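With these hints in hand, go ahead and build the complete structure from the sequences.
Those protein sequences? They're chains A and B, same order as listed. Read in order, the letters of the first sequence correspond to residues 19 to 277 in the working numbering. Read in order, the letters of the second sequence correspond to residues 0 to 148 in the working numbering.
No lab work stands behind these hints, which were simulated from the structure alone. This structure is a prediction, so every number in the text was calculated from the model and none was measured. Every residue, glycine too, gets a C-beta built ideally from N, C-alpha and C. Be a bit skeptical, because a hint or two may be false.
[Said to hold, decoys possible] Some residues of chain B that are not near chain A, with every Cβ distance over 12 Å (derived):
| id | residue |
| --- | --- |
| 1 | N10 |
| 2 | I65 |
| 3 | L69 |
| 4 | T73 |
| 5 | L92 |
| 6 | G97 |
[Said to hold, decoys possible] To spell it out: a stretch of chain A is covered by chain B in this simulated footprint if at least three of its residues, at any positions, have a beta carbon under 8 Å from a beta carbon of chain B; those stretches are:
| id | segment |
| --- | --- |
| 7 | 22–31 |
| 8 | 38–51 |
| 9 | 155–162 |
[What the hints assert, rightly or not] Partner residues are not named here, just some residues of chain A that face chain B (Cβ under 8 Å, in silico):
| id | residue |
| --- | --- |
| 10 | M19 |
| 11 | W34 |
| 12 | N165 |
| 13 | F166 |
Below are the chains, spelled out letter by letter.
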Amino acid sequence: MRIPIRMIGLATTFFWIFLIAFAVTAVYSLKDVQFDFGEPQTGTTADNRLFFSMPISIFNRGFYDIGYFNVTSQIMREDGAIVASGTTFVPVIRKGEEITTTHMVTVSIGDLLQSNQNFLFNNTELRICESVGMKVAEMIPVQASTNFSVPWGAPLYGFALGAPEYSTYNATHLRVVVPVSFENHSFFDLAGTIQLRMLDSISAFVGYGQTPVEARQSSSFNGHVEFYVEPSELTRSGSFEVSFLSPIFNYGPWVIPYG
Amino acid sequence: MVNTNTGFKKNLRGIAFRALKAAIKGILFYIIYFVLSQLLAPVSTLVPGLQQMIETFFIVYIVLMIVGDLTSGTIYQHFFNAAKALFVIGYMLFSLGGGVFGTSFENVSLMVDLRMFLVIAVLLSLLGLAKTVLQAINYMSEKAEITPI
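Below you can see the structure in the form of structure tokens.
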């Protein structure tokens, strides 16, 4: 019985040494893995979605390969609803290998604004949840995650219609001029069209006008919409149905009362 | 009288040998601990309590090992060896929290899944425990064989 016991002892010792050496070197080699997260960039894609991209460079100087390297970003509203998410996945990073990849998240601004008009008119915050995961030595899963908030600048911040100004155009029509103003606090330039439908006190159609809009980021827009109405159709009060159309997003109609 | 002296000398030599063996093993394990703590020093700064955890483990393990070696040749050796194997299993399960180890610093939370490592380590410890039980059985059977009727 002594020989089997000795064999079990030898095997156990061998496996213990192997396991401890593997665990220690795996943890130790993590120290030699270099991650470089580049400067994040924003822009618009060909299908007019906004993108956030970040170059990631990984230099594996450790003793083992790294498997299942993934970076996941989730952009969430303040109430926790996910607005957009993106994942970048690298199956294997061999030891001594350097890999550069780009992590990208695209957001449909139209969907975002349609889901919550707060993003259109008020500066608020977006919560971003970032997580980086990998399998050290293709065996030990490691994950690091963090949450932070980024400010969201409203593209139509402080949107307001001034009081309509009426002037005689001809014998049958009046010219209506409605001042329009807002500030573009967003990180993208805004170019599009504002459309106004004038409704009377019983919500019957009175007139329609539109004006092109161009507002660079962090700038204000002051313009007006001009259209023509029949005086008999005018009432002292009513409402405007406002729509905003642009290649990046369309929004509306929303109703602003007048009078 | 001569026989008593020879027996006493033999016993003394046996005790000295066991003590020397235990001391050498203790020193060897201390060296392993020292090297490990040096290697894990960069990680220890990130994981609070890791150094303390490893230290406690090595202290208890070395004490059980030395006591086990000092009592070698008796049934107590097997008790201490079994205690050592059970301690390794219990301490690993307790300190690694079921295998998923998480910590956070500043705004970053880190999660390491050591379940695979834990399963292998527990299986090896169980193998060690089985070896100890076999040794105890062997010891008892050998003792029974040499008992004069």
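Checked hints:
no.	hint	in the structure
1	N10	23 Å, holds
2	I65	18 Å, holds
3	L69	19 Å, holds
4	T73	17 Å, holds
5	L92	16 Å, holds
6	G97	14 Å, holds
7	22–31	holds (count 6)
8	38–51	holds (count 7)
9	155–162	holds (count 6)
10	M19	5 Å, holds
11	W34	6 Å, holds
12	N165	7 Å, holds
13	F166	7 Å, holds
Consistency with the previously given hints is maintained throughout, with no hint failing.
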